[in-house]
Every structure is written in C-alpha cells, then in structure tokens.
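Participant: Line by line, the protein sequences give chains A and B. First residue of the first sequence: 1, per this note's numbering; consecutive thereafter. First residue of the second sequence: 1001, per this note's numbering; consecutive thereafter.
Because the hints were derived from the structure by calculation, they are not lab data. Glycine residues also receive a C-beta, built at the ideal position from the N, C-alpha and C atoms. A couple of the hints might just be wrong.
[What the hints assert, rightly or not] With a Cα cut of at most 27 Å, we get these calculated DSS-like pairs of lysine-lysine: (1) K201/A - K1186/B; (2) K228/A - K201/A; (3) K9/A - K1100/B; (4) K9/A - K1018/B.
[Unchecked claim] Just some of the chain A residues that point at chain B, by a computed CB distance under 8 Å: (5) S117; (6) Y138; (7) S153; (8) A193; (9) L194; (10) D231.
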Amino acid sequence: MRNHALWEKLRPYVMIAPAMAGIVLFVVYPVLYLVRLSFYKYNLMNKAKSKFIGWDNYRKLFGNDDFYKSLVNTVWYTVGVVALTMILSLLIALWLRRSSRWNALVQAGIFTPHIVSIVSIALLWLWMMEPSHGLLNYVLQSLGLPTSTWLQSSKTALVSVIIVSVWHGIGYYALILVAALQSIPPSIYEAAALDNAGRFKLFFRITLPLISPQLFFVLVIMTIGSFKVFDTVQVMTDGGPNQATSTIVYYIFRYRSTNIGYSSATGVVLMLVVGALTFLYFRLLSRKLHYQ
Amino acid sequence: MKTMDLRYAKLTLSAVLKAVVLMIFVFPFLWMVSTSLQTLQETTTVPPTFVPAVPQWNNFVHAMQAGPFLTYARNSVVVTAAILVIQFVVMIPAAYAFAKYRFAGHRLLFGLVLLAFMIPGQVTFIPVYLMLADWGWIDTLLPQIVPFLANAFGIFLLRQYFMQIPEELVESARLDNASEFKIIWKLMTPMSRPALATIALFSFVSHWNEYFWPLIMTNSNSVRPLTLGIAMLRETEGITNWHIVMAGNVVLVIPILIAYAFCSKWIVKAFVYSGIK
C-alpha cells in the first residue's frame, strides 16, 4: 500500500519526464551554453584553447557596422512585412467575411502559399523576379510600367523579399481575421443600423474595437516571426547584394563556424529581443483564455 | 431599374476582383508547373511560353538525377514520420499530468514548457550543434529528429483541451477501476481528436518544410532532406536552367498541394484554430 502511495506521488513526474528531458537538453541547457559561449573566444579545433574574453564579443558586435546594417535591415523588413500584411489581410478579411462558396474558395487560394515550404516559394519568386526572362518584368512591361531589377540591386532587394514574405503569410492572417469578424454577433450591427450609423463609423466604432484582440495577436506573432527571418534571404539573395538583405539570423549564420563566440553574442541579442516580444504574446494569450 | 444595374455592376466587379486576387496567389504555382515542362529555349522567349509545345517530362528525370533525390525523399519521410510519432508519445502523458494532477513544482515546470516555446531554433542552434557534434551525431538523421521530441506548443494546446474535459468523467472512470493509462487512451485521447489533428497537421507541415535546421545540422547528402536538395539544385544547375529547378520544386510542392486539395477545410480550420485559441 505504501508503494502505491509513493507511485501516486511520483507518477506526474514520470509522465512529464521525457518532455522535460527534451526541453532541458535542447532548450534550457543550450541557452545557458549560448550565454557562456558569448564570453569566449571559442576554438573549434581545440576546445582546451578557448579563452574567456569577458564582454569583448559584445563590444565588437556593437562597434560593427555590418551588425547594425543587419539589425536595421531586420527592423525595416519587420516593419514592412507587418504593416503590409496587417493592412492587406484586414482588407481581404472585411471583403471575404461573408461565408459563401466563392469566398471560401478565394480564402483557400490565398492561404495556399502558407503551407508550402519557404524554399519552394523563394525559388519560385526568384524565377519570376528574374530581370530579363522573369514573368514579373514581362507583366510590368505589357502594362506599360517600368521594369525592376528586383533582387539584383541593393535598392530593391529588401522590398522584393518583403513582397515575397507578405505573399507567403497573408492568407493565414486574413483567415484569423475572418474568423474574428464572423464571431461578432449580428445583433450588434442590427442595433447600429437602427441608429443609422454610417459605414465608416460602424467600422471604427464597432468592428475595429471588437476584433482588436485578434489584431494585436496577429501583430505580435508576426513581429516575432519576422525578426527570425532567414530562409527567404538565404535562398534568394545570400544576404546580398552588398548586404542589402542581410538580417540578424543571417548574420549569426555567417559567423557560426568562423567565430563561434561572436556569433553566440549575436544570438544572445536576438534571444533578448524575441524573448521580450514573446513574453508580451503570452501575457495576451493567458488573458484571452481567462475571458473565454 | 438604375439601382438594379448598379447592383449587378457591383456584383460583377466584385467577382472579377476575387478572380484576380485568387490568380495572384494560385497562378505562380501554375507557372511553376508550366516552366517545369518547358525547354530551356522556351523559358527565354518573349512573350513567355505559357503552354509548352511538347511537355518535357525529361526535366524531372534530369532534376532527379542532379542529386540523390531518392535519399533526400526518404530522409524527409523518415524525419517527419519519426518526429510525429515521438512527439505524440511524449506529449500526451505530459499534457495529461499538467492538466489533471497537482504536484510540487508544476508551475515552475510548466513555465519551462512555455520558455521552450519562446526560444526559437535560430537562437539555440550553435550550442546544440556543438553538443551533437560531441556526441558524434552529425551525419545521422538524429539531429533532425531528437531535438524536436518535446513539442511545447502541442503540450500547451493539449493541456488546455484536457482541462476542459469535465473532472467528473475522469472520477467516474477511476471509480470503475480504470487505470490512468486507460483513462488517457480510452477517454482523453478520443475526446481531444480535434486538438490532436491540429497539432499533427501543424507539426507535419512545419517539419516537412523545415530548411534552417537541416541546413545547419547536416554535412553530407546522405542525411539531407528534400528541401535542401531542391535548394541545392539552384547551385548545381547554375542560374539559367530554371526549367530543371522548377521541376525539382514541383516534386517538393505537389505532395503538400495534393494533401491540401483534399483536406483544405481541415487544414484551414486547424491553422485558424491554433491561431485564435
């Protein structure tokens, strides 16, 4: 009987043990190790020769123009993707909110890129953005518009990557907003119609406040996601031309084998940014679950 | 009469606009398929070729011979399947324990799960790589599988779901002398099918499409997945053979698109659900 009581006590720990082992081994320990590495000049060939150098990696990092360039690119990329996606997905959601077969089809179509590998998306757009034989320039030309060098000039490369990312992600966010719009009780609109409220007033006074939790949610998860951008950049531009599309994760990736300590310090900076953003997201999530 | 015309005009305009938007998102995929069946010469004509004169099925053979694609495909399948199975075995008991037991330290431990959800692979990959290299795991498939054994998002979502299952149901099962294992297997799991389907679809799509992690964790073709193989086509085929690159791309995308065509409703629901819950 005493054995049974002991087992009852231990059981929860046994049940979570595999999951916790995975988390400790592949998240908690690596994070601590990352912080430690960031204070070392790490020698990949001979670990014993690694040297503690204090804050040197961080000093070097914040004195490096390339790092600032990558940070600024990442911020611009994030601002561009988030702003465009928010506005366009809200417009699409408002436009396709009524459930009909046509609307469901268009929604499914817009969502399609989201489930396809970013590698495929990147290769596909790389081909379409090819300056001399690509489809995009042909379309622009036949519409009488000026063509673009897209990814091949440092002026347009970042914008091109932003366009691809927006195209890739917009369907997901539009669908979340459609679901939010559909959950607004029609009685609220009926009441407003009795008051003869105009369309703009209706939108700003009723619709927008009622879907603001979801809008905020979209804003936060999209910001976190955009800050980690790597795949698109790596496949499409390799950070170029002339570092015009180098981002923080790409920067970490570049130094991952040549200067591990320095690369780790950059990783710590990324972790702090993403950590702060995600903390915000969880605060939001737990509050939402309380209300439901 | 005038207002009727106006309404029809509006309806038509809206339908046309919807068709245009649909094309913006779907046409690139059709264009990919079209290019994959063209000759090199057809890819360079102005105006572009939309329907190839003779479909060049050979492009697929060419693309598949540019690298060990059978190996890539096998690796993708093995890695994705292994991750899904292991994640479920690990996740279900953990979510149950967090939902239905109160034990010392459960808050702290659940906090760790949330922490794991917050820290992306782009942050941890350097130390994890060094650790796995120490273990001699590079050049096996393990670095692409084992680090994902605990699905933090899944544990979080499933716990929420388990918590909504009434305590009375669990209690009455216990009174009937059902073991905890039986309660999980016969009661909790069947009742949370929607959540499990959501997590499975999510996990499948994200690991099948994974690029960053295998790029870091592999040094040889024998362990690389399809995504890396396709991306490498661009390097081996130079910058002109777009018809070959697109053929490879079709091979990577079509399985996902077929799955999507058959259960788009499910997939869309799963993604939206995980987004708002």
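Participant: To test your reading of the hints: which numbers does this structure violate?
Facilitator: Numbers 1, 2, 4, 7, 8 and 9, in rising order.
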